[in-house]
Amino acid sequence: MIELYAITDNPCPALPDLAPLTIVPVNGLAAVCMPAGEEDFSADAFWRHEEVVEALMADRDVLPVRYGTRLDDESAVARAVKERRDELAAALDHVRGAVELSVRAMPTETRRAGPPAAEVSSGAEYLRLRTGADASRDHAARALHEPLSGLARASVEGRPRPQELFRAAYLVERDAVESFAAAVARLQKANTGLSILCTGPWPPYSFAER
Amino acid sequence: MRDKVLHAPRELDPFLGELPPLDHALSRRVNADPESLERGLAQLVLTIVELLRQLMERQALRRIDTGGLSAEQEERLGQTFMELDRRMAELREEFGLTEEDLNLDLGPLGRLL
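Going down the list, the sequences are from chains A and B.
FYI, in this note's numbering the residues of the first sequence are 1 to 210.
FYI, in this note's numbering the residues of the second sequence are 211 to 323.
Any given hint could be a false lead.
Below 20 angstroms or equal to it, Euclidean Cα-Cα: the simulated SDA-like pairs (lysine to any residue) are [claimed, not checked]:
| no. | chain 1 | residue 1 | chain 2 | residue 2 |
| --- | --- | --- | --- | --- |
| 1 | B | LYS214 | A | ARG60 |
| 2 | A | LYS189 | B | ARG268 |
| 3 | B | LYS214 | A | ASP61 |
| 4 | B | LYS214 | A | ASP59 |
Derived list of chain B stretches under chain A, where covered just means 3 residues or more per stretch with a C-beta under 8 angstroms from a C-beta of chain A [claimed, not checked]:
| no. | region |
| --- | --- |
| 5 | 219 to 226 |
| 6 | 252 to 258 |
| 7 | 299 to 306 |
The set of hints was computed from the structure by calculation and includes no laboratory data.
Built from N, CA and C at the ideal position, the CB exists for glycine as well.
Required output: the full structure, derived from the provided sequences and hints.
What follows is the structure in structure tokens.
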């Protein structure tokens, strides 16, 4: 078995030497792979995968491949890439020169997203609280997303987890990462009811599939 | 990991506390041991029920927004959804599931709930 890490341009800079990586070239693209060991999927292996993709990202544009993508051998990789060659090349162009930043927001006072059913007496009140919770969630999300998406080449809003108000990924030019972080800091100052976490730069996982 | 934080809120803990352990996420791919079977089945069934509950609740909220219901009908609907919400919480607790457990990652389609 062979494990895929990323799709990059070919020719490309020398591969990082933190792992015995190989390249499968396909018509202007290169699939970066490594023979997969017998070991099962694990958190450690996940972080090793991430380390490789990030090392690649340091000096080239990458279309990251999700952890756990394995094919039989190099010729299977070549076939798979060839089949979607134009699509992959277009996706690589889309993320060229940019990285992914993640933004998540939670209310500062942690409480359940919906109304605590036990404390509500009437059905009408329950529904009002529900509608109100949805509306304030939408409002908070817009207040963050509108200014931030203006600073990004593309963005994807994720479905917030139960305790969260907002979660999104932004595709940001490499040299605009600092100003994006500064914009998040300003939004944090302006929205004291929210805790905002911004992480990155990540390989553009959220923008690799379209 | 720390060098990945571009902006941290004053309180970082809520973000960390809510992260399920990665090992858990990976092991959920295949989990066929008999002891966890009941929990797995309950998880699937409750996921579907929760999906329907949320859909119906949203539908009801929309109808209320458009003003098509009498006060009495609103009250009855509200009571019903409140009761459903409470029962779901009880069932989740019984099977040791969190709200996030009742969500499925549908790959390219995003998440179920």
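Hint-by-hint comparison with the structure:
Our distance criterion of 20 angstroms between C-alpha atoms is met by B:LYS214 and A:ARG60, whose separation comes to about 19 angstroms. A threshold of 20 angstroms between alpha carbons decides the hint, and for A:LYS189 with B:ARG268 the separation of about 33 angstroms lies outside it, so the pair is violated. Of the supplied pair hints, the one linking B:LYS214 and A:ASP61 holds, its CA atoms being roughly 19 angstroms apart against a limit of 20 angstroms. For a cut-off of 20 angstroms, the pair hint linking B:LYS214 to A:ASP59 stands: about 17 angstroms separates their Cα positions.
Note: the region 219 to 226 of chain B has 6 residues with beta-carbon separation from chain A under 8 angstroms; the three-residue rule is met and the coverage holds. Given a C-beta distance limit of less than 8 angstroms, the hint that chain A covers the region 252 to 258 of chain B is violated, as 0 residues qualify and 3 are needed. Evaluation of the coverage hint for the region 299 to 306 of chain B: breached, as 1 residues show C-beta separations to chain A shorter than 8 angstroms, against a requirement of three.
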